[in-house]
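Protein chains: 2
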Amino acid sequence: MVKVSWCEGLRFEAEDRHGHKIVVDTEEKFGGSDQGFRPLELFLAGLAGCMGMDIVGILQKKGGKIDSFVIEASGIRAEDHPRKYTKITMKFKCEGDYKREDLLRSFELSRDKYCSAVAMLKSSAELEFVI
Amino acid sequence: MVKVSWCEGLRFEAEDRHGHKIVVDTEEKFGGSDQGFRPLELFLAGLAGCMGMDIVGILQKKGGKIDSFVIEASGIRAEDHPRKYTKITMKFKCEGDYKREDLLRSFELSRDKYCSAVAMLKSSAELEFVI
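In order, the protein sequence lines correspond to chains A and B. Heads up: the first sequence runs through residues 1 to 131, numbered per the numbering used here. Heads up: the second sequence runs through residues 1 to 131, numbered per the numbering used here.
One thing to keep in mind: the hints can contain errors.
[To be verified] To be clear about the criterion: a stretch of chain B counts as covered by chain A if any three or more of its residues have a C-beta under 8 Å from a C-beta of chain A, and this derived list gives those stretches:
no., stretch
1, 15 to 29
2, 41 to 48
3, 63 to 69
4, 77 to 89
5, 95 to 103
To be clear, the hints were calculated from the coordinates, so they are not data collected in a lab. Just so you know, these numbers come straight off a predicted model, no measurement behind them. Where a beta carbon is used, it is the ideal one built from N, C-alpha and C, also for glycine.
Chain A extracted, bound-state conformation (with noise of 0.2 Å):
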């Protein structure tokens, strides 16, 4: 369970039941603070937090060395309301000592298998990934 509460303008804070807090809010333009994260942007933290989680889990399981695992999230909104994002493309970066195939193998399992963010996204969004 999520609990999200208004603080004043548009901005809000989320805590999850574990008492991590994080602060949501929008441009000053909109009546916001700009103090934390867009809504729709945790949607883009979220799938790459899950997709990342998967790969680097499973890249080393298959010996795998991580030095540093970057994902670039972006999103293309329609313009029209309710303006949810229309494509989402996800570059990623990983540097180490690793296979390629192995590294190429994590993201497939990620993506058609085990990834619950890509899942509840792919049926409204085209989801585009470079790696």
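Let chain A serve as the given structure and place chain B on it in line with the hints.
Frame of chain A; chain B shown alone:
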């Protein structure tokens, strides 16, 4: 654009284009260190934040005065991989000086017209609202 960088274990840091940062992590039994939100719970925070901003903004434009506004968002996950949310329940609690019909209308406008997050998730999970 959101940049999500691996830290250690299964802990990641997400940073948006304005420099806001959040920690994404998981349970220790899965290899995480429980220092931040779970990836999929960011979807709940994003969904609640998106609807919350709509409702607060519209209700205030209708002359309502809000003392407190809290959304509790919870999800039921499938047992089998990819374990996506099959049902998400959102409970709204609004206290203040406003007309009940204005709150309901603000909620309906968010759900049916404005909320990008609802539009992205309604095709993959049953959404239940308690208001």
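Against the structure, the hints:
1. 15 to 29: Answer holds; 7 residues pass the 8 Å Cβ test.
2. 41 to 48: Our answer is that it holds, as 8 residues pass the Cβ test (under 8 Å) against chain A, meeting three.
3. 63 to 69: holds (count 3)
4. 77 to 89: With 6 residues in contact (Cβ-Cβ under 8 Å with chain A), the coverage given for the stretch 77 to 89 of chain B holds.
5. 95 to 103: Not satisfied, violated; 0 residues make the cut.
Violated hint: 5 only; the structure is consistent with all others.
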